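Listed here are the chains, written in short residue letters.
Protein chains: 2
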Amino acid sequence: MNTQQIITNVDNIDAEQLQRAKQIITELQKELPEYIARGHGPFLAAIYQGDKLIAKYANTVVIDKCSNHHAEINTIRAAQAELKNYDLSKYNLDLYVTAEPCVMCVGAIMWSGIRNVYYGVSTPQVEKITGFFEGFKPNWFDEFKKLGINVYGNIEPELGEDVLQQYVDNQNIIYKPSR
Amino acid sequence: MNTQQIITNVDNIDAEQLQRAKQIITELQKELPEYIARGHGPFLAAIYQGDKLIAKYANTVVIDKCSNHHAEINTIRAAQAELKNYDLSKYNLDLYVTAEPCVMCVGAIMWSGIRNVYYGVSTPQVEKITGFFEGFKPNWFDEFKKLGINVYGNIEPELGEDVLQQYVDNQNIIYKPSR
Numbered sequence: 002m003n004t005q006q007i008i009t010n011v012d013n014i015d016a017e018q019l020q021r022a023k024q025i026i027t028e029l030q031k032e033l034p035e036y037i038a039r040g041h042g043p044f045l046a047a048i049y050q051g052d053k054l055i056a057k058y059a060n061t062v063v064i065d066k067c068s069n070h071h072a073e074i075n076t077i078r079a080a081q082a083e084l085k086n087y088d089l090s091k092y093n094l095d096l097y098v099t100a101e102p103c104v105m106c107v108g109a110i111m112w113s114g115i116r117n118v119y120y121g122v123s124t125p126q127v128e129k130i131t132g133f134f135e136g137f138k139p140n141w142f143d144e145f146k147k148l149g150i151n152v153y154g155n156i157e158p159e160l161g162e163d164v165l166q167q168y169v170d171n172q173n174i175i176y177k178p179s180r
Numbered sequence: 002m003n004t005q006q007i008i009t010n011v012d013n014i015d016a017e018q019l020q021r022a023k024q025i026i027t028e029l030q031k032e033l034p035e036y037i038a039r040g041h042g043p044f045l046a047a048i049y050q051g052d053k054l055i056a057k058y059a060n061t062v063v064i065d066k067c068s069n070h071h072a073e074i075n076t077i078r079a080a081q082a083e084l085k086n087y088d089l090s091k092y093n094l095d096l097y098v099t100a101e102p103c104v105m106c107v108g109a110i111m112w113s114g115i116r117n118v119y120y121g122v123s124t125p126q127v128e129k130i131t132g133f134f135e136g137f138k139p140n141w142f143d144e145f146k147k148l149g150i151n152v153y154g155n156i157e158p159e160l161g162e163d164v165l166q167q168y169v170d171n172q173n174i175i176y177k178p179s180r
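Top to bottom, those sequences are chains A and B. The opening position of the first sequence corresponds to residue 2 in my numbering, with each subsequent residue numbered one higher. The opening position of the second sequence corresponds to residue 2 in my numbering, with each subsequent residue numbered one higher.
Honestly, the hints are just simulated from the structure, not real lab data. Being a predicted model, the structure only gives us computed values, none of them experimental. One should not assume that every hint holds.
For chains that are exact copies, the list does not tell them apart, and a pair is met inside one copy or across any two.
Calculated cross-link-like contacts (lysine-lysine; reagent style BS3-like; alpha-carbon spacing at most 30 Å) [to be verified]:
| hint | residue 1 | residue 2 |
| --- | --- | --- |
| 1 | 129 | 53 |
| 2 | 129 | 91 |
| 3 | 147 | 31 |
| 4 | 57 | 23 |
| 5 | 129 | 146 |
| 6 | 57 | 91 |
All chains should be built: construct the whole structure from the sequences, respecting the hints.
Below you can see the structure in the form of structure tokens.
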């Protein structure tokens, strides 16, 4: 199991940034049950340029029959299609996601050119509530810092934990990788 | 930079398996220049069930304008579309790839249900030859072992290194993530 600590880096951002992050994460958590009701997995991501929404996507692993299709992967693909560029670095974009990225999505964010990452529920809590395994990614936020990508975690976590708990209580989990 | 060791696990497989792996990796390396000539990135992957090819795909980051579209990601998506299943674990599949997977693809392989991974050129050599950065993935083969996924690396490396060197010499690199 993942022994990584819950991180909070929100002391390092200004009040306006933090307020926007809390607002967007809250909106994503509130929208997420509608996506779940339509067969999506319980994670939702959005890419913004300042206040402007560029792309938003939920996890579509089950409905697309593709294990790659986590929320962050889908949203990066959609943003790059929207901006017609495989390198988002010049657009100074922010990724918001309802839970901490798994190891695959950590890699996808690195290659995308996203500059800032904001997430809701931390991996230890996701794993505890859902039983999902998120992969080994020790100190990924420190590795991101070396690359100039900022990570801010554990934003409005109770709201996100409630959504995940409801997902479990409603017996929506139809798939867990056996690995 | 990645300080990971070159690994070779080929003493742990039987002669037939090793012979097949060498043959398939050799074929992939020999086909790769044709893909590069058509604008693909310099990595090619294939998923087999025993001797049967299920899916084969090169890196399409530049031609698809999508940073997610590494060879392994593309090939997993294609195999899952072919088999109409987001979980490949019951098919006992092998992934062959011309070079060691990056951190994103390590995660994608974990979630796909692939059982065995065979690769050609190791990450330190890829990074040395091309200048690409493959991400932090310390001891990923040990982590895979815990999950029951076998990894065999450094198969026919000279052939793959020559293909990558030729790619560099021909000035085919038009994109390197600035992170």
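Which hint numbers does the structure go against, in order from smallest to largest?
1 and 3
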